[in-house]
Each structure stands twice: as structure tokens, then as C-alpha cells.
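Whole structure, please, built from the sequences with the hints as guidance.
Residue numbers (our numbering), protein chains in the order written: chain A, 1 to 258; chain B, 1001 to 1258; chain C, 2001 to 2258; chain D, 3001 to 3258.
Calculated directly from the structure, the hints in this document are not laboratory data. No false leads were slipped in.
Here chain C is said to cover these stretches of chain B; the calculated rule only asks that three of the stretch's residues, wherever they fall, bring their Cβ under 8 Å from a Cβ of chain C:
(1) 1040 to 1047
(2) 1064 to 1072
(3) 1114 to 1124
(4) 1154 to 1165
(5) 1179 to 1190
(6) 1207 to 1220
Yeah, the Cβ is synthetic: ideal placement off N, Cα and C, and Gly gets one too.
There are 4 protein chains.
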Amino acid sequence: MNEKTQPTHSTGRIAASVDTLDPVLIDDLVAANRTLASLNVLDAFGHVSMRDPRDPKRYLMSRSIAPESVSAADIMALDLDSRPVNEEDRDKVLYRERFIHGEIYKSRPDVNAVVHSHSPTVVPFTVTRERLRPVLHNAGFLGLGAPLFEIRKTAGKKTDLMILTPSLGKSLAKALGKDAAVILMRGHGDSVVAPSLPNVVFRAYYTEINARQQLAALTIGGPINFMTKEEALTSNEAMLKASARPWALWRKKALAER
Amino acid sequence: MNEKTQPTHSTGRIAASVDTLDPVLIDDLVAANRTLASLNVLDAFGHVSMRDPRDPKRYLMSRSIAPESVSAADIMALDLDSRPVNEEDRDKVLYRERFIHGEIYKSRPDVNAVVHSHSPTVVPFTVTRERLRPVLHNAGFLGLGAPLFEIRKTAGKKTDLMILTPSLGKSLAKALGKDAAVILMRGHGDSVVAPSLPNVVFRAYYTEINARQQLAALTIGGPINFMTKEEALTSNEAMLKASARPWALWRKKALAER
Amino acid sequence: MNEKTQPTHSTGRIAASVDTLDPVLIDDLVAANRTLASLNVLDAFGHVSMRDPRDPKRYLMSRSIAPESVSAADIMALDLDSRPVNEEDRDKVLYRERFIHGEIYKSRPDVNAVVHSHSPTVVPFTVTRERLRPVLHNAGFLGLGAPLFEIRKTAGKKTDLMILTPSLGKSLAKALGKDAAVILMRGHGDSVVAPSLPNVVFRAYYTEINARQQLAALTIGGPINFMTKEEALTSNEAMLKASARPWALWRKKALAER
Amino acid sequence: MNEKTQPTHSTGRIAASVDTLDPVLIDDLVAANRTLASLNVLDAFGHVSMRDPRDPKRYLMSRSIAPESVSAADIMALDLDSRPVNEEDRDKVLYRERFIHGEIYKSRPDVNAVVHSHSPTVVPFTVTRERLRPVLHNAGFLGLGAPLFEIRKTAGKKTDLMILTPSLGKSLAKALGKDAAVILMRGHGDSVVAPSLPNVVFRAYYTEINARQQLAALTIGGPINFMTKEEALTSNEAMLKASARPWALWRKKALAER
Chain A
1 MNEKTQPTHS TGRIAASVDT LDPVLIDDLV AANRTLASLN VLDAFGHVSM RDPRDPKRYL
61 MSRSIAPESV SAADIMALDL DSRPVNEEDR DKVLYRERFI HGEIYKSRPD VNAVVHSHSP
121 TVVPFTVTRE RLRPVLHNAG FLGLGAPLFE IRKTAGKKTD LMILTPSLGK SLAKALGKDA
181 AVILMRGHGD SVVAPSLPNV VFRAYYTEIN ARQQLAALTI GGPINFMTKE EALTSNEAML
241 KASARPWALW RKKALAER
Chain B
1001 MNEKTQPTHS TGRIAASVDT LDPVLIDDLV AANRTLASLN VLDAFGHVSM RDPRDPKRYL
1061 MSRSIAPESV SAADIMALDL DSRPVNEEDR DKVLYRERFI HGEIYKSRPD VNAVVHSHSP
1121 TVVPFTVTRE RLRPVLHNAG FLGLGAPLFE IRKTAGKKTD LMILTPSLGK SLAKALGKDA
1181 AVILMRGHGD SVVAPSLPNV VFRAYYTEIN ARQQLAALTI GGPINFMTKE EALTSNEAML
1241 KASARPWALW RKKALAER
Chain C
2001 MNEKTQPTHS TGRIAASVDT LDPVLIDDLV AANRTLASLN VLDAFGHVSM RDPRDPKRYL
2061 MSRSIAPESV SAADIMALDL DSRPVNEEDR DKVLYRERFI HGEIYKSRPD VNAVVHSHSP
2121 TVVPFTVTRE RLRPVLHNAG FLGLGAPLFE IRKTAGKKTD LMILTPSLGK SLAKALGKDA
2181 AVILMRGHGD SVVAPSLPNV VFRAYYTEIN ARQQLAALTI GGPINFMTKE EALTSNEAML
2241 KASARPWALW RKKALAER
Chain D
3001 MNEKTQPTHS TGRIAASVDT LDPVLIDDLV AANRTLASLN VLDAFGHVSM RDPRDPKRYL
3061 MSRSIAPESV SAADIMALDL DSRPVNEEDR DKVLYRERFI HGEIYKSRPD VNAVVHSHSP
3121 TVVPFTVTRE RLRPVLHNAG FLGLGAPLFE IRKTAGKKTD LMILTPSLGK SLAKALGKDA
3181 AVILMRGHGD SVVAPSLPNV VFRAYYTEIN ARQQLAALTI GGPINFMTKE EALTSNEAML
3241 KASARPWALW RKKALAER
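In C-alpha cells form, the structure reads like this:
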């Protein structure tokens, strides 16, 4: 745990950190949680975070509740060692696997949003030898790589497969590497990263959709005409912009429900 | 039928048994029924029970109606021979397969809740040679075993595959054994047991989810990197606690619907 | 067309035929239509009928609209040549494939209800060599047989696969035979028959469920431990009674929706 | 871009073009958008258009928003070079792939409605060698052909797989040919055409349903008893009329939701 490498902060400055955040951003994060639950990427587990746009050494995430239940009051700020920034949040129950988020933000300055999920059709691709590769143009980001994290190699035989320590979070972030948008977690799910919150929701959704379509293509029988690396990267660039359209729909629906 | 082995009880004491039960517990059982219906683990068949926390020789279950219709007034107490405890419940229609519950409570003192379902993706694993094994960490409890009960061996050729007698209930409980969390029932479904009601709902749900993911992994093609026994047991311990999070969500939604 | 073999009827007697029918029975038929739509057995096509309990030479069915839209006012009486019985119904648009119903009622006096659907997972079993056989005990009625009707053999090369004439209805009824509960229709769907309306809804639903589970079992890989003929028949007897439980739920929900 | 081949139009005449359109037709187009979203043929992407019944050199389509959000005010007229006809629409954000529509209307005078979608179970058939062929009689239109457009051959290595230029639209229209109802787009989805809006919704829906059923039939194992060419064409003729029934249901539900 690199706790010493993170600056300590004045409580006064910190206490204000979420309160003064743009309420639109808080709503964005609430909407992202609810959207991924309604799209069946998240069930009662999983979590969504965004880097604090005012301070890249912090990120925002809900306290530990089911994503579809998240409201604005549940959002808190954490530092990159995944400790609550605000005094008043010290007693709240935190997601036990929050280190996934903090350690990825440390190692990937290009990443501003992270989703961890048990994406149902992705899980089978974490326990088989078939790689998850881009079938659908919306999932071109898979061309950036989707490596597999086999926790058994790091955590040893007694693992419960969860990322419960900063050290495991660091190992996961290392396995993600400098380029990939998705890290598969064996017998567990995945973590998806992106430069923005709308785009991470988009990527988490299309990772699941691509997994379903790749599974169907395997059922039909190969060879499968996957996107080339070049196509995938070109498509990914286009989708970084195009994710605005679904996000407008998803955000509106998610916030209208309550 | 071991009717004589069970104590007879004073009607007075019994008549009060459900009425004086904590209404929160009754609501828990109502919520468990509705939740498993809304999660598509139960259709119009199947049933959920919990051991009476005041008297381990009794259990609580609905009268015979579809699980998603269950309300507090439908809950009754049964003794471990699966006879209604209260005078006023003697005329009610009971689940014909209630012996699944009573006989498991007799043979498994560690079990405080039971679900019997026709879990749709579990059924195919009851008629094939592929064993149901833990793919997803939430389903680590499958590492405790998920044996198959072939009713044909016990009930003979004329079976309708149902557990309609105490004797068949006993055979099923014996096949479940002392450790397993799930017993597969050929051509029928499964019965799932747990130390608590929230955990049995959790296990019934993730048995279905694991079956879907194992089916997808088989479609992709082996070898499948199943959880090891040690991982499964470690994960199971973690999930006994972690099931509180989904339960909070499920309970709230189930009780809000009416 | 056996039009002459059916008695002509006095308009007076006929005009009253539906009006005086027990409104509970009309609601049953409305509920059956909506239920099978909400269970995704029927989409915007398909139809449900019941034999008129007052006159076995008539049956009751909706005019030609999508099943989920059916209301009491849409129900009309038809004779077994599938002609409207009541004067006021003569101008209504009828289901073009109503001969499925009329001809089955003629040939099967034991049948009191018929469903024709494009049951989505049944269709693949109509174009492959794998027979639909009972996997799940609720589908024991499949043990009575589920023959395939290859319309190409009867209707010739220019068929649109539909049962648009009394003659094709007769051929279909003949292929169903005297015992089967289900007739598969190649590239089209199925028709399901039962001694009662609740049971035909039950059978249509579990035909679809069994098809899904048999498909999953085939994916896992054989040999599949199907129900034996004896088990299937025993289970079918039990389910003729047990279908009351789902029916109570389905009917209530279907009629509450409007 | 064939901009010169299209007539320029008087702004006065044009400005009135949508305003004076029958509001029933505008509602039809709104309903078509929402219906295909609720049927899961469209997600937040995809678009639906109809040829302007008053001027075959124009078509009507929404501005660029998610299909399920489309309202009457979003509908605009475009010429066949896919430029907004009305002055007031010049600043609106347009679907970037609108050239799919314009170029098909140019090359296929028989076509009066077009749907472009990422139909989820169709995508796997665009990356494998299995052809999409009619299994279900409702999908007889597949007998008119469902060729594959491999954009890599036209757009080169750096393609993002989207139809972003008139030239790519023309290539797609050419690949569709003079007869087919569906063009598969590799790694992307499909475009479906029909002589009327109700029929194009019908065809887009049953293209997805047929893909699911063909996938299931392939899972069961061949040989698959596909519809013959003659059966497919006969059935297609019947369905051009029969699509009125589902359309009545879908339109009513889609417009009732808001």
C-alpha cells in the first residue's frame, strides 16, 4: 500500500470536495450506475467511478450499495489510495474492491472513468482460451487489447478471486497495461476504462454485446471475420465521439426513473 | 413417515407461532418468494422456506400459491414432518412437495433456509453428464458439491418426478448429503440450501447464473478454467457476508411492488 | 369443405350464443390470449380458442387481432367449419388460419382448447431432425407425441406454409392424430391441444420452455436423459391438475393489466 | 456525390414539405422508430426512414437522436442526396449514415421505407460464412436474397465500417441489388427495405427473429429444412398483407407510451 506516496490533504479543502462539485457531474455518475444496471451489465454487484475533474488525484464513487440504488447523496470522493477524502465519509461502508479504481487511476493518466462488472457473457470468455475480439464496430476498443488477469498467479491458491488489497489492485492495473480498454478477470468479470464517463458506460455495454455476438459467431462456426487491428482503432476513434448519442438517451432515462 | 418421532405440541403454544413472529421475518420470506420470481429462478412453481428462528423443529412457508403472489397472510408454520402447526392452517392447501423442506431441515441442522425451483438453465444440467461446477466466484458454494438425484432409482418407473412423500424427501435429503448447497433433481430442477434466507436467495440466483455461464463456456469450448475447490470454498465464505448487498436491493424492490 | 355436414342453426338461438355465455369463461379466453403474449409464446400472431361448453359443435375465438389486444368484445362463436355463428359477426375479419381449430375440434372430441403459435424456440425443432422430447417434468405431455406436419407434402410447392383452407386443417388434424398434445408445423410453429383452457395455456408455455431446455441440453452434449414414456404419461396426469396454480396467477395478472 | 443530378428546390415549396404532411404519416414514422427500439432490433443507434409519399425524390427521417426518443418534431425531409430540404433544418445534427437511405431510394424505386440497425443476432451472420436464409415463414422475404456487404473491399483498410459518404451509400445500394430485402453489413448490422413502412418494420423484426431461429437450428444440427425459394416468395406475398396485424398493435403501443 503506497499510502505514503499520496499527499495528505487539509480536511477543510477536502470536506468541500464533493459538495462543491458540479451537480451535473454527480448526476452523470448516478446515471452511469443506474444505466449499467438497467442494461444488465451490472447486477447487484459492480461499481462505476470517475476521476475528479478538479483534482486528478481523486476519484468519485458511490458508497457500497447496489448500483441501481445509487443516488447523489451516496457519491463520495476517494484519494488514489482509495481512502475517503472527506471526514464525514470515514464511517461509510466502502466497496471492498475499490482498489481496482484507485490503482488504475494511478497507472493510467489517460483514464478518467472505470467500471467493474460481472458482465454475464464476458465471464465465459475469462475461463476459456478464446480471446475476446472485436466483432461489432461499436466494440472497436477491444482492438486495444483485452488481456486476461489470472488472479491465481498473484494471490495464490486461497484467493476468493476478489481485488481486496492495494497490491492486488496494482497487479490488475499492471495486467491492464498502458493501452487496453478492458481487463478480463478470471471467474469474476471485467474492468473497463475510458477517457470519459459516457465512453466508459458505452464500452462496458458494448463489451457485453460483443461477447454475445462473438459467442453466437462461434456457435455458427468459424472462421470469424473479426475487425482488423486497423479497423478497430479507426472505429474506436469514431465511437469516442459517437457515444454521446446513447449517453443522452441513457442518462435521461436513468434520472427520470426516480 | 416418521410422524411419531416428532413431538406433539400444545395447540395454544402453536396457534401463536406465526402471529407472534417478528413481522420483519415474515416480510423477509415474502420478499424472498417475490425476488426469485422476478429474477426468473422461480416461475409459477417452486417454493421458499426458512427454519423458524424460535423453534428449530419448525419451518415457515407459504400455502400453495405461485411465489410471486405470496403475501404475509399466506405464511404458515409447519413441523419437520411438514404438517401445519396451527389449527387454523389445517384446511389450507399445502405445497405437495413440502417434504423437500421438512426432510432437509431434519438432516441438516446447519441449514436455515431452502429453495426448490425449476431453475431454467439448471434443468439441462440434470439430464446430461456435465457436472455443474463453479465458473463465477459468486457461485463458489457449488464447490461444496452439487450432486444429482435420479428419482427413477428411488421412486421406480411410474414416477412423476415429484417429491410427494416424506420417504422421497428423505431420499433427496440423503442425496444432498452433509455438505452440499445444491441438489440437482433430474428432469425437474434443484433444491438449494443455506444457513440464512438472504444467502439461500443469493445461492438460488447464482446457481442459475453459473449454469448460464457454464453453458456459454461449453459453447466456446474447453478446457474450462473452473474455480479450484480451495478457491470455491474461500469465495463461499466471502459470499456468505457479501450476500447482504444484493439482499438489501432485492428485499426493498420486492416489498415496494405491492 | 364439409359445410353440409354441419347443421344450420336458427339465427335467434345463435345470436344469443356468446352474449349468454358465462362472462367468467369469456374472461378466461381473454386471459389466455394475453398470458401467452406476455409469456412470449405468442407475438402479434397466433390464436387461442376453446370449445363452447354449451355446444360441442362450436368454438370460441377472437376476431383477427393481435392476442395481447384481445378483449371480451372481440370473442365470437364459430361452428366447426369455422364460420361465424352469429349474424353480427359475419362482417368481422377472422383469423385466416381458423381451420386449425375447427378441424381439430372435429377430429378430437377430447380436446376442448387449442393454441396456435410461432413459439420461438419450437420453430428450430420443426426444421431439424431432432425430435422434441420431454426434458422437464412439466412437459410430460410431450410423451403423448409431437409429430411434425410437413405442409410441403400436402399443399405442394407453392405453399406459403399457412393453414388457409378446411382441407389443410383436416390434414393437420390428421397428422396430430388421436393422442398427441402438440403438432409441430414446419417453418411455422406449432398447435397445442388440451382438455381444458388452463391446461392448453400450460402446455403451450411448457412446450416452449422444454424446447429451450432441450436446446441447452443438446449444447452441453448427449446422451440426454429424457423422461421415459411411462414417466411422461404419469407426469402428464399430475400436471392436468397442477396447471391450476400457474393459471390462477396468469389469469389474475392478465386481467389486471387493463 | 451526385449533388448536381438532384434538382434544386424553391425554399417556399420546401419549407412546407413536412409541415403539411399528413400527421398520421409522421406518427407512423415515430411509431416505427419506437417500435423497433422496444423490440430490441434497434438500440440507441440505427434509423428508420420513409419515402415522402408526395415527392418520390425526398425521404423523411428523424434528426440524429436515439430511435426510442424520436417525436414528431424530430422528423425532417431530406432529398435523395441526403441534404435537408427545409431551411430550418439546415442547422440540425443529421444521422451521419443517412446516405444508406438516400442512395437506396435512388437505386430502388420499389422501396418506400428503409431501416438501418445493429440487429443483435444478425451481426454474427455478417462475420461468418453461414448465409442468412428463411427458416420461419414470416421471414420469406429472405428468399429475395440477403447479400453481404464487405466494406473493407470498398472503403479500404482504414474503414470504421460506417457508411459516411454518398459514395459508400452507393456501393451499399449496389450490393443490395434490385431484388433483395436485406443487405448484411459486415461487423455492423443490416439495412432492410420494403415497399411500405409497416412492412419494413415487420421485415426488420423478422430478420432478427429468423437469425435467432437459424442460430438455434444450427445448434441443434443440420441439415436444416430451409424454405424453398418458391415457398419463400409465396410467403413473402402473403406477409406483405399480413404485416398489417402486428403493425396495428405495435403502432398503438408505441404512440401510447408517451
